[in-house]
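The task is simple: from the sequences and hints, build the whole structure.
All residue numbers for the sequence shown refer to the working numbering, where the first residue is 170 and numbers rise by one.
Check each hint, because a few of them may be wrong.
Unchecked claim - The list that follows gives simulated cross-link-like pairs (lysine to aspartate or glutamate, EDC-like), each with its CA atoms no further than 16 Å apart:
hint, residue 1, residue 2
1, LYS299, GLU689
2, LYS509, ASP457
3, LYS509, ASP547
4, LYS502, GLU458
5, LYS509, GLU458
6, LYS506, GLU469
7, LYS613, ASP653
8, LYS221, GLU265
9, LYS243, ASP733
10, LYS502, GLU469
11, LYS585, ASP547
12, LYS502, ASP457
13, LYS243, GLU739
14, LYS243, GLU772
15, LYS243, ASP217
16, LYS299, GLU265
17, LYS221, ASP653
18, LYS755, GLU765
19, LYS243, GLU265
20, LYS585, GLU541
21, LYS299, ASP333
Said to hold, decoys possible - Simulated restraints, written as ranges between beta carbons of each label pair:
hint, residue 1, residue 2, range
22, LYS585, GLY242, 19 to 29 Å
23, SER429, GLY400, 28 to 38 Å
24, PRO387, GLU421, 20 to 30 Å
Everything labelled a hint here was simulated from the structure, so no lab data went into it. Think of the CB as a built atom: it goes at the ideal place given N, C-alpha and C, for glycine as much as any other residue.
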Amino acid sequence: MAAAISAATAVAALGLTADAGAGASAAEDDRAQARPAATRGGHVRPADTILKNARIYTVDEARPRADVVAISGKRIVHVSRGKSRAWRRFIGPRTELVNVRGRPIIPGMVDSHTHPSAVALSSWHIALPKTDDLETILSFVRQYAAEHPPSEVPFIYAEYYPSDMDWGPDGPTAAAIDAYVSDRPVLLQDFSDHASVVNSRMLELMGVDADTPLQIDPEDPGPQFVRGADGVTPTGWVLEGAWRYFAANMYEAIGWSAPSEVTPELLHNFTSSLSEKGVVAVLDAITDEATLAAAAALDEQGRLHVNYHAATMFNGLADLPESIAQLRAWQRKYGGKHVKIRTLKLFLDGTNEIGTSAVLEPFAIGENDYGELRMSEDDLMAAMLRLNAANLDLHIHLVGDRAFRTALNAVRRAQKQLGSAWRMQVTLTHDELIDPADMPRVAKLGVILNWTPHWSGGYFGEAAADWLGWERFNRMYQFNPVIDSGGIVNYGSDVVTQYEAARADPFFGMQVGHTRIDPEYPMQPGPGTVPGTEIRKPRSARLPLGDLLEGYTRNGAIELRLADTMGSIEVGKLANLSILDEDPFKVPDDEIENVEPDAVLFEGGVVQGGLDP
Numbered sequence: 170m171a172a173a174i175s176a177a178t179a180v181a182a183l184g185l186t187a188d189a190g191a192g193a194s195a196a197e198d199d200r201a202q203a204r205p206a207a208t209r210g211g212h213v214r215p216a217d218t219i220l221k222n223a224r225i226y227t228v229d230e231a232r233p234r235a236d237v238v239a240i241s242g243k244r245i246v247h248v249s250r251g252k253s254r255a256w257r258r259f260i261g262p263r264t265e266l267v268n269v270r271g272r273p274i275i276p277g278m279v280d281s282h283t284h285p286s287a288v289a290l291s292s293w294h295i296a297l298p299k300t301d302d303l304e305t306i307l308s309f310v311r312q313y314a315a316e317h318p319p320s321e322v323p324f325i326y327a328e329y330y331p332s333d334m335d336w337g338p339d340g341p342t343a344a345a346i347d348a349y350v351s352d353r354p355v356l357l358q359d360f361s362d363h364a365s366v367v368n369s370r371m372l373e374l375m376g377v378d379a380d381t382p383l384q385i386d387p388e389d390p391g392p393q394f395v396r397g398a399d400g401v402t403p404t405g406w407v408l409e410g411a412w413r414y415f416a417a418n419m420y421e422a423i424g425w426s427a428p429s430e431v432t433p434e435l436l437h438n439f440t441s442s443l444s445e446k447g448v449v450a451v452l453d454a455i456t457d458e459a460t461l462a463a464a465a466a467l468d469e470q471g472r473l474h475v476n477y478h479a480a481t482m483f484n485g486l487a488d489l490p491e492s493i494a495q496l497r498a499w500q501r502k503y504g505g506k507h508v509k510i511r512t513l514k515l516f517l518d519g520t521n522e523i524g525t526s527a528v529l530e531p532f533a534i535g536e537n538d539y540g541e542l543r544m545s546e547d548d549l550m551a552a553m554l555r556l557n558a559a560n561l562d563l564h565i566h567l568v569g570d571r572a573f574r575t576a577l578n579a580v581r582r583a584q585k586q587l588g589s590a591w592r593m594q595v596t597l598t599h600d601e602l603i604d605p606a607d608m609p610r611v612a613k614l615g616v617i618l619n620w621t622p623h624w625s626g627g628y629f630g631e632a633a634a635d636w637l638g639w640e641r642f643n644r645m646y647q648f649n650p651v652i653d654s655g656g657i658v659n660y661g662s663d664v665v666t667q668y669e670a671a672r673a674d675p676f677f678g679m680q681v682g683h684t685r686i687d688p689e690y691p692m693q694p695g696p697g698t699v700p701g702t703e704i705r706k707p708r709s710a711r712l713p714l715g716d717l718l719e720g721y722t723r724n725g726a727i728e729l730r731l732a733d734t735m736g737s738i739e740v741g742k743l744a745n746l747s748i749l750d751e752d753p754f755k756v757p758d759d760e761i762e763n764v765e766p767d768a769v770l771f772e773g774g775v776v777q778g779g780l781d782p
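Structure representation (structure tokens):
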């Protein structure tokens, strides 16, 4: 199944047969899915809405296809297919009967890893031209500065430059930017969002110099200012947002500061854009109090048409008790019908593009450099024991194969120690490089993998190949063996700015994950692509559409502990679903991104578009 990606094969992967009349008999269908969920005095209560003549991809293993779905209030009360006429029992004098005219219907989707707060606060950033040419990017920044004086734009924050862009023999430096703009602070952010380059003026205003400690955060070795040949002078290359620790100095000096708190309107702009694409639930992978307050306000106003679930950060065992206490306080204060916070987030390593991942074999650059784990296996297991006792879940950022194995080992040891008392859910996010021996362990241990499908093409370029070498580079982003062995994989957008917010469209993610070609940033033919194509190696890693749909729906609901109420179209579940203008299983592979919902239903109500064809 993993190597085949034709529409027919992808449909079959979920049992989504193309023949609308095939499958279970009408009698079997009535027994399985036509049981009324709402009755009064033994009589069927009429449905509010019945959608008929549809092509319904239910993502229900027991009954993957249907033609009719009936909705009463917020819930689904009937699902059937074929020649069954059981749905007619749900017609009442006020029932809205909608002929969908063969359009596809899918369950509401889940963005299982995104950053609403970061997107909301990035409206003042500027977008760099889409190029890997340093001169073009720096000339653009110079022109922007000429057109916007410091009195208008006191701090230039520009995104993104390719992680593998050639900065010359000295690498990314403040001096490179200084030659173009030196009258105000300038920051250029790279695609990974884990590295940036600042000019000398910004270093000066922040007060960062040779005396600045090498490790800025005593509990997190990730944030740092890269040093020059003398080992102490900052070059201007900044890793893991180290500049934010000193931003207050700069803001005070320039008499301006970036927006620091998410408002309900800013958050609504992003959540409504997701809702328009059929998303009904999100995991905010790093939240803050202002964002939670904004989400709670929208929920109270009836304007939050997604389930907003969030995670808060911890860096190590030392701050875990405080992080748990903060999470509980925020849940008490802001938690509500659609707002939940029950997950802790941990960074176990960095990124492959800048050589901060934790790997099993040394990097191709340097000698005996295996990268760095931000938490030992022993400490990670101890953290899991504490979180399990607190009945909380864990979401771990990791990209290297050593980090992946370490996380699995910690889960195995914690499960062995706790036995039947183990109840927490562990999700490993990104998982860019997995040793083949560890892939079957995912299902055995019951962990969830989260992947960002729109990264599957050339979004980050070939920077990781410099550190990993081509053999490991060409083994990245492989999830079919995990799925085939029974592991759960779900999907998210991981967008962090307005610049890339459009890539949060799940149908765009499906296209890139299915083809391994990024229509915006395709890889050029070379050692990282299938010969003669722009397909990122290996071809066998292209994800079947059936698995993508399952990952964006049911598997996302599992991580958020919502699988009993959403994630599939079944009797008794909430009526969270989308009517699509085209069938993603039938359009050409390079047109999947163009699929749009004609209507999005959230808990039975139409929140986007309309039901009429």
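Verification of the hints:
no. : hint                          : in the structure
1   : LYS299 <-> GLU689             : holds, 9 Å
2   : LYS509 <-> ASP457             : holds, 13 Å
3   : LYS509 <-> ASP547             : violated, 29 Å
4   : LYS502 <-> GLU458             : holds, 10 Å
5   : LYS509 <-> GLU458             : holds, 13 Å
6   : LYS506 <-> GLU469             : holds, 9 Å
7   : LYS613 <-> ASP653             : holds, 13 Å
8   : LYS221 <-> GLU265             : holds, 11 Å
9   : LYS243 <-> ASP733             : holds, 14 Å
10  : LYS502 <-> GLU469             : holds, 13 Å
11  : LYS585 <-> ASP547             : holds, 14 Å
12  : LYS502 <-> ASP457             : holds, 13 Å
13  : LYS243 <-> GLU739             : holds, 13 Å
14  : LYS243 <-> GLU772             : holds, 4 Å
15  : LYS243 <-> ASP217             : holds, 10 Å
16  : LYS299 <-> GLU265             : violated, 48 Å
17  : LYS221 <-> ASP653             : violated, 34 Å
18  : LYS755 <-> GLU765             : holds, 14 Å
19  : LYS243 <-> GLU265             : holds, 15 Å
20  : LYS585 <-> GLU541             : violated, 26 Å
21  : LYS299 <-> ASP333             : holds, 13 Å
22  : LYS585 <-> GLY242: 19 to 29 Å : violated, 45 Å
23  : SER429 <-> GLY400: 28 to 38 Å : holds, 34 Å
24  : PRO387 <-> GLU421: 20 to 30 Å : holds, 24 Å
Hint check: violations occur at hints 3, 16, 17, 20 and 22; the rest are consistent with the structure.
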